[in-house]
Amino acid sequence: MQLVDLTLKHLWRKKTKALFLLLGIIIGVTTIVTLFVITTSMNEEINNKFDLIGSNMIVVPRSDSLTLSYNGITVNSGTTNTVELPEEAINKIMSIKNRENIAEIAPKLLGTLQTNSGQILAVGVNFDTEFRIKKWWQLDGNKPQASHEVILGSTASKILKKEVGSKISVGNRELVVTGVLKEIGSEEDNVLYVSLPELQNILNKEGKLSFIEVSALCYSCPIEEIVAQISSKLPEAKVTAILEAVESRKAIVDKFSILARTVSLIVLFIGSLILSNTVLLSINERNREIGVFRALGFKKRHIAAIIVLETAIVSILGSLMGYLLGIVLAKWLTPLIAQMEVPILWDWQLGIRSLILTVLVGVMASLLPVYKAVKHDPAHSMRLI
Amino acid sequence: MTLIEARDVSKVYKGESEVKALDKVTFQVNEGEFVAIMGPSGSGKSTLLSILGVLNPPTSGELIIDEIKVFELSNEKQADFRREYLGFVFQQFQLIPYLTALENVMLPLAVSKMSKQKKRAAAESVLEKVGLGNKFHRLPHQLSGGEQGRVAVARAIVNEPLIILADEPTGSLDTKTGLEIIELFRELNKAGHTILMVTHNTENLQHVNRTIFIRDGRIDNN
Chain A
1 MQLVDLTLKH LWRKKTKALF LLLGIIIGVT TIVTLFVITT SMNEEINNKF DLIGSNMIVV
61 PRSDSLTLSY NGITVNSGTT NTVELPEEAI NKIMSIKNRE NIAEIAPKLL GTLQTNSGQI
121 LAVGVNFDTE FRIKKWWQLD GNKPQASHEV ILGSTASKIL KKEVGSKISV GNRELVVTGV
181 LKEIGSEEDN VLYVSLPELQ NILNKEGKLS FIEVSALCYS CPIEEIVAQI SSKLPEAKVT
241 AILEAVESRK AIVDKFSILA RTVSLIVLFI GSLILSNTVL LSINERNREI GVFRALGFKK
301 RHIAAIIVLE TAIVSILGSL MGYLLGIVLA KWLTPLIAQM EVPILWDWQL GIRSLILTVL
361 VGVMASLLPV YKAVKHDPAH SMRLI
Chain B
1 MTLIEARDVS KVYKGESEVK ALDKVTFQVN EGEFVAIMGP SGSGKSTLLS ILGVLNPPTS
61 GELIIDEIKV FELSNEKQAD FRREYLGFVF QQFQLIPYLT ALENVMLPLA VSKMSKQKKR
121 AAAESVLEKV GLGNKFHRLP HQLSGGEQGR VAVARAIVNE PLIILADEPT GSLDTKTGLE
181 IIELFRELNK AGHTILMVTH NTENLQHVNR TIFIRDGRID NN
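From first to last, the protein sequence lines are chains A and B.
The first sequence begins at 1 in our numbering and counts up one residue at a time.
The second sequence begins at 1 in our numbering and counts up one residue at a time.
Any given hint could turn out to be false.
With a Cα cut of at most 27 Å, we get these calculated DSS-like pairs of lysine-lysine [stated by the list, open to error]: (1) A:Lys92 x A:Lys205; (2) B:Lys118 x A:Lys299; (3) A:Lys300 x B:Lys118.
Treat the hints as calculated values from the structure; they're not laboratory data.
With the hints as constraints, model all of the structure from the sequences given.
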């Protein structure tokens, strides 16, 4: 017979009460784990979505000359002394340490084209990448397939009086408009989009790029870190993070985190109150028994150990079961609530953290009952008086 | 040889009104004596037993057991003292309902450094001594009143104490079963245990060496 045997015997004898206590802990831990997992998955999902919305970094060549602006981003002018990036810059970007965080690389070449209908700003792009990162693009017509196929911004289409199927002559070449973008309300409305190799060919700038848009998935790393890594690989370029996008993402992520933390804190607070009250009631019922223990030579610390051990055992069991149930519930609920595709994994670190937290809360909640138990006069509790 | 000495022991309970439960009680108990403590309800006999059990410090006076001023010991040392020197048989026996007879008897050894096997052997030996060798694994509610009393006595002697303190051990038993428990005490007394027993039953007095009468917190006749 050891103290732990005594504790286990009591738990077994009072199994209904122990089960209710266990159930309370399981519900609390399940709520916190489910909330945490769902919130984390939502954060991740938001990050993924943000990364797909647009670029969050821009790589431009270093230059002292005057600049042109495209899509709110300043790039070098297409006039004299133009400085361009070599296409190898793409491979260099893909060789950074955090290359796995890079979601999309969209190289671009800018230039003015003299067409039979007037001068226009042309942007050479990779259409597949462009449509992936510009989710807001809506196209009348079709995405270009061949190198001579192009699309027009809505304003450019009106001014040049060109529609889907129209031809645009540039020098001795003929470009075919396969699609017209719906009005966006930005400078993109004024642009002619040509496939990158075609524009490089037209402008005699094979292997040259005006700038590169980079979209990075930065859930686990600061974007500044990726900027620094690209800068060190491309000393001839200037890498700028579009902080607005990063900041707004951070704000939303933070709001989700605050919500989850607040709810978790409330659950923790209420849970610890219920736990403390249950243990306190149990101690009041066991006054006489504790008196007997004291008379038989148990020290105050032995009494404290019995109570804390009992709470710790129930907390450990409740935490493990709550964690398992929490993950299962999150796996089941997340697709229903948030229509998300993020896979929910068995995170053993979360399991350990929830175990430590639950045992800590359990032990803290049993401090007041322990204090009352050891302060109680054993002579009085035995009704010897 | 004097084993227990109470010197001017007083106990005052302060509540809404002050109650003097014991008033300068002085007496001695020799080693090997079987002493009864008698008195009407509220006379202070149970208070005296709780002081003798080192559970309830007196308001004034001192208690010396085996030349140790027990209330000058720290709380921790008092617990050790109880475990080494005293065996308790409580009113209505106070067996722990969720422990078997054997486990109840092992209870005083739960916090000792003895090995599990030794604890078990000691508990089995005393249970056999009190005639319950075949009921080790019964829960208290599966035992008769007399058997519960025997388990309580076995629990009191498992750590081989010098002194056994009993609080109305026959109070909840019929005459025949009560007598069996008194017989058990007599055997233990013959084996060398000093016994102090609070009792209401005058029939028990014929089995003891001496009786201390208490009335209104004072010794009436020593």
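Next on the checklist: Please list, smallest to largest, the hint numbers that this structure does not respect.
Outcome noted: none
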